[in-house]
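Student: Use these hints to put chains B, C and D with the ligands onto chain A, whose structure you have.
Here is how the chains run, residue by residue.
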Amino acid sequence: MELDVSTRDDGIAVVVPRGRLNMVSARQLKETLSDLVAGGSARIVVDLGETTFLDSSGLGALIGGLKAARQAGGDLRVARPTPAVVSVFELTNLDRVLRARESVETAFDA
Amino acid sequence: MELDVSTRDDGIAVVVPRGRLNMVSARQLKETLSDLVAGGSARIVVDLGETTFLDSSGLGALIGGLKAARQAGGDLRVARPTPAVVSVFELTNLDRVLRARESVETAFDA
Amino acid sequence: MPESAAGRGGEAGRPAVLDELAAAPHRLVLSAAADPEVMDLVHSMLEHLFAHHPQVTDPIRMKFEMSVIEILGNIVEHAYAHDSALPAVDPSEARRFEIQLLATDREVVATLSDNGMPVSLDLGDLSMPDELAESGRGLALAASALDTLWFERVEGRNHWCLACNLG
Amino acid sequence: MPESAAGRGGEAGRPAVLDELAAAPHRLVLSAAADPEVMDLVHSMLEHLFAHHPQVTDPIRMKFEMSVIEILGNIVEHAYAHDSALPAVDPSEARRFEIQLLATDREVVATLSDNGMPVSLDLGDLSMPDELAESGRGLALAASALDTLWFERVEGRNHWCLACNLG
Ligand SMILES: Nc1ncnc2c1ncn2[C@@H]1O[C@H](COP(=O)(O)OP(=O)(O)O)[C@@H](O)[C@H]1O
Ligand SMILES: Nc1ncnc2c1ncn2[C@@H]1O[C@H](COP(=O)(O)OP(=O)(O)O)[C@@H](O)[C@H]1O
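For the protein sequence lines, the chains are A, B, C and D, in the order given.
Heads up, the first sequence is in full-length UniProt numbering, so the first residue is 1 and it goes up one at a time.
Heads up, the second sequence is in full-length UniProt numbering, so the first residue is 1 and it goes up one at a time.
Heads up, the third sequence is in full-length UniProt numbering, so the first residue is 1 and it goes up one at a time.
Heads up, the fourth sequence is in full-length UniProt numbering, so the first residue is 1 and it goes up one at a time.
By construction, these hints were calculated from the structure, which means they are not laboratory data.
Don't be surprised by glycine CBs; every beta carbon is placed ideally from N, CA and C.
Just so you know, nobody snuck in bad clues.
For lysine to any residue, the following SDA-like pairs were computed, each having C-alpha atoms within a straight-line distance of at most 25 Å: (1) B/Lys30 / B/Asp95; (2) B/Lys30 / D/Asp40; (3) A/Lys67 / A/Phe108; (4) B/Lys30 / D/Leu139; (5) B/Lys30 / B/Ala42; (6) B/Lys30 / D/Ala79; (7) A/Lys30 / A/Ser6; (8) A/Lys67 / A/Leu3; (9) B/Lys67 / B/Ile12; (10) B/Lys67 / D/Leu132; (11) B/Lys67 / D/Asp130; (12) B/Lys67 / D/Glu131; (13) A/Lys30 / D/Ala51; (14) B/Lys67 / D/Glu77; (15) A/Lys30 / C/Leu132; (16) A/Lys30 / A/Gly49.
Computed footprint of chain D on chain B, listed as stretches where at least three residues anywhere in the stretch have a Cβ under 8 Å from a Cβ of chain D: (17) 19-29; (18) 58-67; (19) 85-95.
Only chain A is shown next, with the shape it has when bound in the complex (with noise of 0.2 Å):
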């Protein structure tokens, strides 16, 4: 997996985990999510739109970061994900806890 980090004229940071999100590059992401909350990120989206995999490990580290996010005050928000991704939501219930967005640029909108 590789993951690009950036921060938008908003002060929102968005996330994109390319490609398999598992046991391995979890451990990642999650530092990730950390080092941007304790850097004063706390407005994220993770972009799963090439997001090709996703385990339990991948969905703790973004539950870790959406804790995290939430304890600073702001909120963890996944945008485009894709089928395999979804079908992992769907059967961890975690579909409202972790609810998708259309498109990056509005997942704050609401």
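Tutor: This is chains B, C and D with the ligands only, laid out in the frame that chain A set:
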């Protein structure tokens, strides 16, 4: 492997094998080369700049194309070989028959 | 919910496909050290399997791949967790697993086995943890995606069998 | 030119690394049907091997990968060429091969074995064919890239061992 085929304004056909040129993909290359010659394109450059792997069957397909092109009054030239390709050319002493050109554009210049 | 049995002893729950697997000319078998880096190679094996079995539809591919990776991830993460507490083992015996994959017209099957410590789990009683839990979903996730999830400890090895029915 | 021996009988030429391999905790072992499509999976195995063994330099990776693929390609292409002329075989016995890979500090090693027909080749006498030949270079190419190329027929199976020395 993916195989891109195009024909330049000067009538020279350019074939670009991307990825691994092994037993499976060599068949595809051999057919493409003989189709080109049969279709009247006997001047062919094979751009090996994105060929990450070559074995004796890939080499066989190149030699097959070279012979077909020459029989039809043309030639087959190879350009931009990657280190993996150069290594096989050298081990087989075919670096003379398949003399590597530096660029696709100038492959037919001399 | 899948058919499941966890170390209940006896052959009662043993999936019938296990016998077929042992004789299937197209099965894929990999044995390797149980380290996290090997997961990518298992993803490649699954790609190879699916490329040659168009009868396995995309939704089933996703569920099956995820389940195999969950069970393998557990082996890598948990099965050797207490190794350092054990007397030094012969290195030839250290932390190896085997995975077998097969697709038939009726199902897609994986078996995993490892020489790690005995697992005592009740696969008949798996539930999702709290919404905000960061772990503990792997087995429940695999169980809800699979039609068969079966476990047995035999002769010092853990054996898992996973299957999704086709069509 | 590599150390080589082809069906000469006896243990004379047997590479010593074979014993080490059998006990190496980090060896990778794949067994699969001997069809052309499996070659990509073996490329993935080699990628996995190299990713974890930076001591294997790029020039050696290229030579080793090419040699492994040549020998495997021959198994796929030639070892079963006359199958159709043989009495029907039990499908469980049909066209399977096994490959083992290992990198140590001193060498990178592969063994391949198959249940195909006996190979009778003199690996001590390999030469490149005519410049314009379209085939017949595989074994000579592998032999010139490797430090060890060894073959033996044992109990109905062909066994190959390939190695490049490091440093
Ligand atoms: N292969 C295994 N070997 C030993 N223990 C295991 C194995 N698989 C699962 N377990 C145990 O079951 C628990 C639940 O596993 P799981 O549902 O996958 O969640 P997680 O791995 O996130 O804890 C693990 O924490 C571990 O204690
Ligand atoms: N694994 C094998 N089983 C049976 N015959 C083999 C095997 N490998 C090589 N051979 C024989 O040796 C010949 C030379 O092989 P090689 O040098 O690889 O060239 P090519 O495969 O292009 O013919 C083959 O044509 C085949 O007759």
